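A.B. asks: Sequence:
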Amino acid sequence: MEERHKRILQRNRVNLVSELNPSDMYDGLLSKGIFTQDMIDEIKRSGTRRDQARQLVRDLETRGSRAFPALIECLREKGQHSLPDLLLAGEPQSQPLPLPVHVRPVVRPLPVYTVDTVVTPVYPSQPVRPLPITPVYPIWIYCGINACFSFMFSQSYKMDASPCGHCLIINNVDFEPQSELNNRTGSNIDCDKLEKRFQSLNFIVLVKRNLKQKQIRQELSALSKKDHSQCDCCVVIMLSHGTEVSHNRFPGAVHGVDGPNVPVQLITNYLNGQNCPSLQGKPKLFFIQACGGGERDTGFEVTPDEDRPCIGGTDDQTDAMPMSSSSDSLSTPSDEPDARATLPTPSDILVSYSTFPGYVSWRDTQAGSWYVETLDNVLEDNAADNDLVTMLMMVNHEVSQNSAKGVYKQMPGSFNFLRKLLYFQVLPCQRPIQA
Numbered sequence: 001m002e003e004r005h006k007r008i009l010q011r012n013r014v015n016l017v018s019e020l021n022p023s024d025m026y027d028g029l030l031s032k033g034i035f036t037q038d039m040i041d042e043i044k045r046s047g048t049r050r051d052q053a054r055q056l057v058r059d060l061e062t063r064g065s066r067a068f069p070a071l072i073e074c075l076r077e078k079g080q081h082s083l084p085d086l087l088l089a090g091e092p093q094s095q096p097l098p099l100p101v102h103v104r105p106v107v108r109p110l111p112v113y114t115v116d117t118v119v120t121p122v123y124p125s126q127p128v129r130p131l132p133i134t135p136v137y138p139i140w141i142y143c144g145i146n147a148c149f150s151f152m153f154s155q156s157y158k159m160d161a162s163p164c165g166h167c168l169i170i171n172n173v174d175f176e177p178q179s180e181l182n183n184r185t186g187s188n189i190d191c192d193k194l195e196k197r198f199q200s201l202n203f204i205v206l207v208k209r210n211l212k213q214k215q216i217r218q219e220l221s222a223l224s225k226k227d228h229s230q231c232d233c234c235v236v237i238m239l240s241h242g243t244e245v246s247h248n249r250f251p252g253a254v255h256g257v258d259g260p261n262v263p264v265q266l267i268t269n270y271l272n273g274q275n276c277p278s279l280q281g282k283p284k285l286f287f288i289q290a291c292g293g294g295e296r297d298t299g300f301e302v303t304p305d306e307d308r309p310c311i312g313g314t315d316d317q318t319d320a321m322p323m324s325s326s327s328d329s330l331s332t333p334s335d336e337p338d339a340r341a342t343l344p345t346p347s348d349i350l351v352s353y354s355t356f357p358g359y360v361s362w363r364d365t366q367a368g369s370w371y372v373e374t375l376d377n378v379l380e381d382n383a384a385d386n387d388l389v390t391m392l393m394m395v396n397h398e399v400s401q402n403s404a405k406g407v408y409k410q411m412p413g414s415f416n417f418l419r420k421l422l423y424f425q426v427l428p429c430q431r432p433i434q435a
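Going by UniProt numbering, the sequence shown opens with residue 1, and the numbers climb by one from there.
Please note that a few of the clues may not be correct.
[Stated by the list, open to error] Pairwise CB distance ranges, derived in the manner of DEER restraints: (1) Asn-416 to Lys-158: 12 to 20 Å; (2) Asp-38 to Glu-176: 15 to 23 Å; (3) Glu-73 to Asp-41: 17 to 25 Å; (4) Asp-24 to Val-389: 42 to 50 Å; (5) Lys-225 to Gly-281: 16 to 24 Å; (6) Asn-15 to Leu-427: 54 to 62 Å; (7) Ser-18 to Gln-274: 19 to 27 Å; (8) Asp-41 to Glu-61: 17 to 25 Å; (9) Leu-427 to Ala-222: 20 to 28 Å; (10) Arg-76 to Arg-4: 17 to 25 Å; (11) Gln-37 to Asp-85: 25 to 33 Å; (12) Leu-88 to Ser-229: 42 to 50 Å; (13) Ser-82 to Glu-176: 47 to 55 Å.
None of these hints come from the bench; they were simulated from the model.
These figures come from a predicted structure and were not determined experimentally.
We put the beta carbon where it would ideally sit given N, CA and C, even for glycine.
Make a model of the complete structure from these sequences and hints.
C.D. replies: See below:
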């Protein structure tokens with residue numbers, strides 16, 4: 001949706017929530033291709049008429065440039081003429097195009113070089129002036145004998161609580177026949193590694209296996225309702241099949257063992273500043289080992305210095321599913337925000353993906369996934385000295401060197417909305433903390 005139309009909906013949200021009858025809109029928006037039936041069913045489950053109206057307006061903002069005109073048309077078809085008039089009154093008046101500005105080119109003679117030098121051009125009839133030299137100050141500081149560079153930004157999150165926080169791992173391995181998804185052999189290896197790793201980082205780790213879509217949402221809801229006031233951080237790890245879905249913030253979705261998926265955008269919403277107040281201002285970390293789509297990346301040729309592939313085994317599998325569409329909302333914000341000090345809703349969130357959106361993610365049935373194996377190794381070797389974002393860059397580099405079946409590549413990445421550096425606690429010896 002165009003930004004001007006989004007602003008019109010946001011300015012008139014109170015009137016829309018008060019007067020809009022969502023049930024009158026569903027058939028029209030469905031027939032016009034704005035919403036899918038799954039999205040309409042999700043809106044209907046959001047609660048009262050006002051809740052449904054609020055959710056419908058929020059979802060419309062994510063549905064492209066045709067959504068606003070379709071809403072106007074549906075309202076008029078149902079005789080709700082006052083709302084279209086109200087919304088269209090917010091349309092800016094078209095402005096006449098500015099007159100073209102004729103720019104006259106400036107022609108300068110070619111430089112004439114003297115015999116004595118080839119570095120100082122001399123223009124006829126113009127005095128030669130040396131260019132001023134402006135000092136350049138570095139934006140980072142060279143520090144320590146290990147030749148590490150650190151940005152001139154020293155703020156870091158408080159991460160000294162004991163325990164540091166909760167870590168929820170959802171490990172889907174055995175998928176039901178009706179899901180038409182293969183079992184994820186090798187995922188238990190990933191799960192065991194990450195469980196031990198985050199216990200060593202002083203987290204309370206809870207592992208849930210083979211959850212259906214509804215159960216995934218129930219576990220995330222339960223996590224959001226915990227009291228995190230004595231904790232400094234929260235971690236969610238999803239190990240499952242994945243797919244590409246429509247979104248307006250975080251791409252991708254993960255499947256329950258029954259087949260239906262949960263969008264990553266919805267997963268993050270459970271712990272954002274609105275829905276989990278005790279985590280406000282604290283880092284929320286999401287690690288997604290799942291395919292971002294169905295495309296397979298064959299990479300491109302590089303120079304010999306850059307091309308040092310590690311060949312994957314013959315047991316490599318993907319965690320892919322075709323693209324689908326889904327609604328992404330969880331929260332029910334107030335219609336008019338209070339005038340008080342706030343942070344952006346997605347602040348302090350980092351989502352690390354095992355693969356680039358749209359592409360498959362590779363998993364070895366004997367050794368586990370490329371991404372989790374590398375993440376575990378990098379955390380083991382570097383968590384005592386490096387911040388999380390730096391370590392994720394190391395993961396990106398190492399995974400990018402692998403090749404599945406000698407052909408296919410994988411590129412992890414992350415959506416980083418952290419406001420400070422994040423350094424994990426590293427316990428002197430591993431001692432599991434009971435969930």
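A.B. asks: Against each hint, give a clear statement of whether it holds in the structure.
C.D. replies: Consistency of the hints with the structure:
Distance hint check for Asn-416 and Lys-158: the Cβ-Cβ separation is about 19 Å, which falls inside the suggested range of 12 to 20 Å. Distance hint for Asp-38 and Glu-176: a CB-CB separation of about 19 Å, consistent with the stated range 15 to 23 Å. With their beta carbons about 22 Å apart, Glu-73 and Asp-41 fall inside the hinted range of 17 to 25 Å. For Asp-24 and Val-389, the hinted distance range of 42 to 50 Å is satisfied, since their beta carbons lie about 48 Å from each other.
Look at Lys-225 against Gly-281: about 18 Å separates their beta carbons, and that is inside 16 to 24 Å. In this structure, Asn-15 and Leu-427 meet the distance hint of 54 to 62 Å, their C-beta atoms being roughly 55 Å apart. Between Ser-18 and Gln-274 the beta carbons are some 22 Å apart, a value that agrees with the proposed interval 19 to 27 Å. Look at Asp-41 against Glu-61: about 19 Å separates their beta carbons, and that is inside 17 to 25 Å.
Hint check: Leu-427 to Ala-222, Cβ distance near 26 Å, so the stated range 20 to 28 Å holds. Separated by about 20 Å at the C-beta atoms, Arg-76 and Arg-4 satisfy the suggested range of 17 to 25 Å. Roughly 30 Å separates the CB atoms of Gln-37 and Asp-85, a value that falls within the hinted 25 to 33 Å. The given range of 42 to 50 Å is respected by Leu-88 and Ser-229, whose C-beta atoms sit roughly 47 Å from each other.
Taking 47 to 55 Å as the suggested C-beta distance range, the pair Ser-82 and Glu-176 conforms, at roughly 49 Å.
Going through the hint list in order, the structure satisfies each hint without exception.
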